[in-house]
Amino acid sequence: MKVFCKKIWLSMAELLQFIFSGLTVGAVYALVALGFTLIYNASDVVNFAQGEFVMLGGMTTVFLGLAGVPLPIAALIAVIATVAVGAALHRLAIEPARGAGPVALIMITIGASIFLRGIAQVIFDKRFHSLPSLFGSEPIRVGGAAILPQSLVVLSGAVVIVVLLWVFIDRTLLGKAVIATATNRLAARLVGIDTRRIVGFSFAVSAAIGAVAGILVTPITLTSYEVGTLLALKGFAAAMLGGMGNAIGAVVGGILLGLLEAIAAGYLSSQYKDAVAFLVILVVLFAMPQGLFGRANVDRV
Amino acid sequence: MKVFQRFGVTAVVGLIGLLAVAHQASAQVKIGAVLSVTGPASFLGDPEKKTLEMYVEDINATGGVNGQKLQLIVYDDGAKASEALTFAKRLIDEDKITAMIGGSTTGSTLAMIPVFEEAQIPFISLAGAIQIIQPVRKWVFKTPHTDTMACEKIFADLKRRSLTTIAIISGADAFGKSMRDQCVAVAPKAGITIVHEETYGPSDTDMTPQLTNIKGKAGVQAVVNTGFGQGPAIVTRNYRQLDIKLPLYQSHGVASKQFISLAGPAAEGVRLPAAALLVGDKLPENDPQKLIVEYYKKTYEQRSGGQPVSTFGGHAYDGLMILVEAAKRAGSWDKAKLRDEIEKTKGFIGTGGIVNMSPTDHLGLDLTAFRMLEIKNGDWTLVP
Amino acid sequence: MRALFYSRLMPIAAVAIIAAVLPVYFPSAYYYRVAALVFVYALAGIGLNLLMGFAGQVSLGHAGFIGIGAYAVAVGPTHLGLPTWLSFFAGAALSAIVAFLVGRPILRLKGHYLAIATLGFGTLLSIVFTNQANLTGGPDGMSVPRLVLLGWAARGSETWYWISAASFVIGAALALNLIDSPTGRALRAIHDSEVAARVLGIDVAQKKLNVFVVSAVYASVAGSYLAMFNGLITPEVSGFLRSIELVAMVVLGGMGSIVGSLVGSAVIVVLPQALSFLHDYEHMVLGLIVMGVMIFLPGGIVPSLTALFAGRRA
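Chains as they are written, first to last, in numbering that gives the first Met the number 0: chain A, 0 to 300; chain B, 0 to 383; chain C, 0 to 313.
Calculated directly from the structure, the hints in this document are not laboratory data.
The reader is advised that the hints may include incorrect statements.
Some, not all, of what chain B presents toward chain C, calculated at C-beta under 7 Å [unchecked claim]:
id, residue
1, TYR74
2, ALA80
3, ARG89
4, THR105
5, ILE353
It should be emphasised that the depicted structure is a prediction, and the values quoted were computed from it without experimental measurement.
Quick reminder that beta carbons are idealized off the backbone N, C-alpha and C, glycines included.
Take the sequences, apply the hints, and build the full model.
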């Protein structure tokens, strides 16, 4: 009996560990997906440079830190710098191509991500870097599993950001303007909203979210000039899973994707964990072509 | 007519592209290098490129070799085998190189071997897998230790500590997989049993699920992690996070002091086989490699802008120096004579070890070239 | 009617003439290789162009089909003992079958969802190629035996230049033929408005599936050529980044323009070679070029430039 109980306890502990792992990774995906959603909502553009915002946040902080700047200030500067990059991306690359089709716009963001990676490789370097965790690296032991305090920081960071966004959208005039722009750009302009500024603003906020995500996550996942690509891919997948354009969907999609990967790695095959995640996404999309929380698209005929 | 416009556009764009790859002629000796400077293997290619550039500059500053200066032509294949092949052809057909040092990854190297064999140009590879020199090919040599040797070194140490059942967690990249395959192949002969295996993607950021499975497997006495880049650092951190007390062995893909700073306190007690380059200051005075490794370490760290020395850069150094020494012995840059002299390299003291090549051994290193290191108090120490 | 047919095929004839004459300017075998690669990727681009430019769908996983074609000519001779030419056709057939099976459910999705689904599919294939090491040689890939037809071995950049150029011309002619056929017109109708097309009685799902299968076969052929030409194949040929490169080729060159596939391919293949002297700055410049082209020539290079010339004449 004792052996049996121990076995159950151990499997529970294992499952819990997988869940912790999934939540940690998933929170990163959630933040990236949130960034995607913000920009998409305001401008119908899928911004593949989103991953580079995360990279810039982490790498800039690391290098400023190496240059002697105290970390909190370095982090602040990094966020501001990334916001500037996001705004510049909008003003210099997206705005001029306003009339182009969606594929052209996506291609521009892809070009931007290549460009940003190229700059990063020159300004920074090609090695991996880390940042110290906010609360130390001693893991917290819960039910036989271990979770890093930084994971909790990332998770709560994601929650805080979602709440802040919700408050902003719901309670401020600027937030309402963003919703208006997202719903119907022409109508928003007719009521006097400067949609160009709103879209630029959403790029800036997206960049800020990405940068904060990068800073919070680097103590766990390490950073280098190349981390953006895979993150953008996974973040995009998470956003689609949750339903494009839905902020809650983005967060849920991200966490779900992380959990899927961890469970697949733990119980099925660590080689195919990415495959399992994508397979599940495919199945979900086949059953629910709008994603989990997406609105059904009504085509005007 | 619309047609001719399309014609014109196509032609113009095409010709601009092709004309842009024009080259200039030069009377210097051309040494080609195809390295993975960007992309997933930039961890390997970047120090290699920096090293080659540094030392070609130094050699030229002292007058070159055999009265001729060297011109280094570096191309970046981004760890893509097809690009490597294109650049190899470019080096041979366009740049007309005399010798080649490069191929940061096994994939790129294997892709380029046929063209260099056909063009009869000496090719010193910087990649790890044993297939590069086994079977021995006339024009192909290599400087890094093989992954087989790494496995043998690790297994020998395990036996010494009376640990015989292990688990392997490997990166799904070429380096990690190749070494894992070699470990599986040599394990029976070394008396080691592998009872569990896990893998992780090279860009993965959390390996706790895989390590949890290893932790839960009964009878595992030690864990070996084959991989390179950030993966091993994360595995090591997760290892400590999960409070796994079993001995952990890393591979030589870990390559530099940066691993210790990334893995943090989790790195305590981790062992790995590595070139003497990493422990230059810990070598006894009479160690034949001491001078060369300290010299290379100092030079690299100074001139790379403070980056920690890496064994991958060391392999590039060895490759270049073997080539230069061979050219000096041959007295000319004739490709066939060069090849013969490279094959006759004996007693060459490099960062990777003491090289003794022969017609049947185009690597020239034996197990003593690998030292077993252990991380103590945030620094490397030699395991006696 | 015939005049229309001829004027459609003229750009292809122009390309054929250029392809025949260009080698005169090649100083060495290296140029043959680059040009051959341009034609091979352009071939895959034709298929993707049919799917994206004409039928208005999107696929971010097409490199997966390239991978199927490439591994077919590797696995066939090595593990199954099949002659290379047979493996080549088997690869194309396999791609067609996979596209048929996967296409039906996937093509029900629209826009970004379709993009992510195709991306997922391509990634799945890429993961299989990387991990099924006993079959595919794993991350280091496997070598590909040379194509041997009736005792003559196809080797060398020059041979493959002619093979790929000829295949591109034939493939382009077939594609143009398709575009002018009732199927092609149906595709263009679907691109403009799926609802209207359905109202006109077009079986939208069927047509979309057909073009998906055709584009998969083009990609598979290109993949087989790539493998036979290089003599080896690695899994990254089917990876996500390659799919993006393929889409970039089509978009940069001009969606809806078959010759545009060639221009786009030339840009993507030649640019890294041409920019190699920039070393560390290469990616920066590459990114700037991609952004610049899309901002100033949003329709793609060929359509925008032809519109420019046409505008001037008027």
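Violated hints - listed by number, lowest first = 5
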